[in-house]
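Each chain, written out:
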Amino acid sequence: MTLPARTKLDFAALVEREAPALLAYFGRRVASADDAADLLGDTLVVAWRKAASVPRSETEARMWLYGVARRVLATHRRTLARRGALEEKLRADATVHTDPPLLDHVRALIGDLDLVDREIIGLHYWEGFTLVEVARILGMRPATVRGRHARARASIRDALLETGDVSEA
Amino acid sequence: MTKPTIDELLRASAPRDVYDEPGMRERVAGAVALQPKKRRKAWVVVPVAVFGVAALTAGAIVVDDVMTMDVEIPLTYVTATGNTYECDVKVGGASLLDPKGAAIANWYRDQDWSSFGQKVYEKAITVDPADAGLDTGEYSQAEIDNYAWGSALGEMIGKVPASVGGSEFSTGAQWDCAGLLH
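Chains as they are written, first to last, in numbering that gives the first Met the number 0: chain A, 0 to 168; chain B, 0 to 181.
Calculated directly from the structure, the hints in this document are not laboratory data.
Treat the hints with care, since some could be wrong.
Ranges between beta-carbon positions, derived for each pair [as the list claims (entries may be wrong)]:
(1) B:G29 with A:A73: 22 to 32 angstroms
(2) A:G110 with B:S139: 51 to 61 angstroms
(3) B:E142 with A:E15: 19 to 29 angstroms
All C-beta atoms in this analysis are idealised placements derived from N, C-alpha and C, irrespective of residue type, glycine included.
If we strip away everything but chain A, and leave its shape as in the complex, we get:
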């Protein structure tokens, strides 16, 4: 019996499809759209350079791409920190005047989480990754991510229950 040949991944097409979503990823995590676009460019430069090591499965390759994006973002944050800048604010801070107050409140609660939990919530709810995929992107065990997600979600839910903004379900 012969195994079917593995389909060759069209990485260029994947990048083209994912680029807007990657921009959105950065846009939700840095203070300006300009910074987001710069970080997207940095991410794609790294991605092209390492294209030989991209997983062949499209799903895996997509997570790999977000892993690269996350490392580029981390470098950006370290650079800001070295420059003595204030802690990077979530994009939510910049949109405080355009969204309903409840959503601003939710974002503020997310912003109070530690960086890893914030990333778990963002990747899962904003970028639409499953928790298993989030674990792959963050390089963590799925069980750890599930546990951290549950605790982070519960802390936000408890805070919103106190103000009566969320259903008990």
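Assemble chain B onto chain A, guided by the hints.
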């Protein structure tokens, strides 16, 4: 009124997508275009510069039989539309025909070719297809671009100083980046 669930609220809390902000679509397209486009077309062999006697010209045409392609020059250039291309040009002195072949090859090796690809591109886009009778409508844009690239490259890469190549030598080139002008 039904209150939202925690999961609905968390999903709805995604900050707005900056993709729709002014100029962002162009920035994304620009970032995507950073992809190095490596084209591996069949090698095309032409004599790009022939100096001296006719016999050497013929030798250059049957380049695969007599010419050593001993210098490979990597080229990179960015087109007006923002595409970045990487390709290779292999240059050969007529080393089997000309005793100065090694000197010619060394001359090619010693040059700084870092901006050469861009210069060839900029020359290629000024080439007028009418000069070669390619403006008759019979030729595709790819064929015209291919001619333009080869014409520009041939004019620019064959300029070996007479002190190196002497008055009778030929040089040939193969490249895999012809026609990528957009």
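Given a hint of 22 to 32 angstroms, does the C-beta separation of B:G29 and A:A73 actually sit inside it?
holds (24 angstroms)
Please test the hint of 19 to 29 angstroms on the beta carbon pair from B:E142 and A:E15.
holds (27 angstroms)
Just tell me: holds or violated, for the beta carbon distance of A:G110 and B:S139 against 51 to 61 angstroms?
holds (56 angstroms)
Checked against the numbered hints given earlier, this structure breaks none of them.
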